[in-house]
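Colleague: Same order as they appear, the protein sequences are chains A and B. For the first sequence, the numbering used here gives the first residue as 1, with consecutive numbering after it. For the second sequence, the numbering used here gives the first residue as 294, with consecutive numbering after it.
In case anyone wonders, no lab produced these hints; they're calculated from the structure. Any given hint could be a false lead.
[Stated by the list, open to error] Cβ-to-Cβ under 8 angstroms is the rule here; a few derived chain B residues that face chain A:
1. T317
2. C391
3. P420
4. A452
5. Y542
Glycine is no exception: its CB is placed at the ideal position from the N, C-alpha and C atoms.
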Amino acid sequence: MRAFDRRTWIPWMFSAPFLVLFATFTVWPLLQSLLLSVQQTFGPKRTVFIGLSNFAFILRDPLFWQALGNTAIYTLGAVCIQISTSLMLALLLNRPGLRGRSFFRLVFFAPSLVGLVFVGVLFTLLFQKRTGLINSGLHAIIPAWDPEFAWTDNHVMASLLLASTWLYAGFNMIYFLAALQNVSREQLEAADLDGAGAWGRFWHVVLPEIRPVLSFVTLLSVIGSFQLFELPWVLLNNSAGPANRGLTVVMYLYQTGFLVGDLGYASAIGWVLGLILVLAALAQTRLARNEET
Amino acid sequence: MHASNRRFSLLPIYLTLSLFAALTLLPFAWMVAAALKSQDDFFTSIFLPPGSGPFGVGWERLTLANFARLFTEFPVGRAMLNSIFFSTVTSALATAACAMGGYALAKFSFKGRALLTGAVLGALIVPTSLLIAPTYKLLWQLGLLNSYAGLILPAIAPAFGVFLFRQAMLNSVPRELLEAARIDGCGELRIFFTVVVPLIRPMIGAFMLITFLGAWNNFIGPQIVLQDAEAFPLSVAINNLRGLHGTDYGLIMAGTLLSIAPVMCLFLLLQKEFIAGLTSGAVKG
Numbered sequence: 001m002r003a004f005d006r007r008t009w010i011p012w013m014f015s016a017p018f019l020v021l022f023a024t025f026t027v028w029p030l031l032q033s034l035l036l037s038v039q040q041t042f043g044p045k046r047t048v049f050i051g052l053s054n055f056a057f058i059l060r061d062p063l064f065w066q067a068l069g070n071t072a073i074y075t076l077g078a079v080c081i082q083i084s085t086s087l088m089l090a091l092l093l094n095r096p097g098l099r100g101r102s103f104f105r106l107v108f109f110a111p112s113l114v115g116l117v118f119v120g121v122l123f124t125l126l127f128q129k130r131t132g133l134i135n136s137g138l139h140a141i142i143p144a145w146d147p148e149f150a151w152t153d154n155h156v157m158a159s160l161l162l163a164s165t166w167l168y169a170g171f172n173m174i175y176f177l178a179a180l181q182n183v184s185r186e187q188l189e190a191a192d193l194d195g196a197g198a199w200g201r202f203w204h205v206v207l208p209e210i211r212p213v214l215s216f217v218t219l220l221s222v223i224g225s226f227q228l229f230e231l232p233w234v235l236l237n238n239s240a241g242p243a244n245r246g247l248t249v250v251m252y253l254y255q256t257g258f259l260v261g262d263l264g265y266a267s268a269i270g271w272v273l274g275l276i277l278v279l280a281a282l283a284q285t286r287l288a289r290n291e292e293t
Numbered sequence: 294m295h296a297s298n299r300r301f302s303l304l305p306i307y308l309t310l311s312l313f314a315a316l317t318l319l320p321f322a323w324m325v326a327a328a329l330k331s332q333d334d335f336f337t338s339i340f341l342p343p344g345s346g347p348f349g350v351g352w353e354r355l356t357l358a359n360f361a362r363l364f365t366e367f368p369v370g371r372a373m374l375n376s377i378f379f380s381t382v383t384s385a386l387a388t389a390a391c392a393m394g395g396y397a398l399a400k401f402s403f404k405g406r407a408l409l410t411g412a413v414l415g416a417l418i419v420p421t422s423l424l425i426a427p428t429y430k431l432l433w434q435l436g437l438l439n440s441y442a443g444l445i446l447p448a449i450a451p452a453f454g455v456f457l458f459r460q461a462m463l464n465s466v467p468r469e470l471l472e473a474a475r476i477d478g479c480g481e482l483r484i485f486f487t488v489v490v491p492l493i494r495p496m497i498g499a500f501m502l503i504t505f506l507g508a509w510n511n512f513i514g515p516q517i518v519l520q521d522a523e524a525f526p527l528s529v530a531i532n533n534l535r536g537l538h539g540t541d542y543g544l545i546m547a548g549t550l551l552s553i554a555p556v557m558c559l560f561l562l563l564q565k566e567f568i569a570g571l572t573s574g575a576v577k578g
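My request is simple: use the sequences and hints to build the entire structure.
Modeller: This is the structure:
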């Protein structure tokens, strides 16, 4: 009887700190955001119930669509470039007999430790006309390169992709490297004996083995890229850039919620974003399941 | 024949890897050089200023003046202490709360466990940006705006932390060991700290580092919650510095270097645990 008593309250004691905070700062805000999304608010103090107007307004809000378009283009570009770069680096590092593997791994991973804000500040200066490393370096290598090339003013998307590839390529690489170490040597050698070239080995042996990790990393990258905020915010000097070319969904959420003060509209944007991400996750599990059967 | 062939074919791989390593390191090198240069030298040289010293570099022209100015003229020292305090407290409390929560879910059977596990799994897909606006309102209602409590409390119960610890403990903490300790008359808290914690030490190291990094690099949280410039962590302070002194490149790079260096050192100390923790669940699961 005593043992039974012990068993019932002990797990609650252990989970109590998490439970209280999780209920207060995740579950409750999540429910609140539903309520907020049907309100118009003026700061946290004054609210008016407006039904589904926020969502109706989102549908014909050109700024939201511009933000969504920018975010989607960025996500597509970032995921393609990051995943292919990361996978290539991991494949190169996974070559048997390679020396200095842990050194290269450390170097490629280092940028992932730098927060998005600091990457933003660093790249603001790297992208400077004339004095920044990128323009002066390119000009030194290719004399025809214009040292006045205006990266963050006229080529917002290219700037974002360049900075985020530098930041994330090594991070995804760690996942691929771990997955590649599980690919069986016997199968690779069997493929070798069958006369498969490097490409054939990759396509028929390696890729099927790492596919679960590949789709997991792709999903993580999509979810992360869709929530892009700090990098363009800092790169474009705390703004959405010229003609809102650097406006992202979360930046728009931040602007409406905290610069305009409409937490209701910000919550509605948050729900639309959440819905898009859930759909992405469902599509990924669906695809993963189809591949298994 | 085969072996020498393979060794030879490694050359292009070394070249490619070295090229990418150079591209990765150049921004860091440029930042360090810029932080050590005066404003004049910044405009006249890409990396180190030319001179008559070894390697044709004017070593005597390098200066720590940018760092000195950061600490005397700007509140960067204070911001650094803020960041250290905020990140340490957040990672320690988050690790404690998540490890205990994961332990309850992994090693006890009780009414409500399935519901709790489901809630944790469901919360994994909630994007953090969805919670920004309602959390702000909640903090306002609780009177926690413009306080560290308002910044720390929402950050110490991440669902993915409980999930990670649950996964780690399912396999690496044998039930028999816990039962044996109970029969010996060990209290439940003592069992947790002397039997369970040592078994999951790598996971604890990894998770502490992950949450420390997350707190250190958090920008949107302090930007929304904090109002007094005195309380700003480095992430906000450095961005403000760039906004106000945008043309003082050496100063800004020195500040950025100071913000990055501590986490780099921490990572070098804990890198094994960190990488193992990152990929656990993803690859094995």
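Colleague: Provide an ascending list of the numbers of those earlier hints which the structure does not satisfy.
Modeller: Failing hints: none at all.
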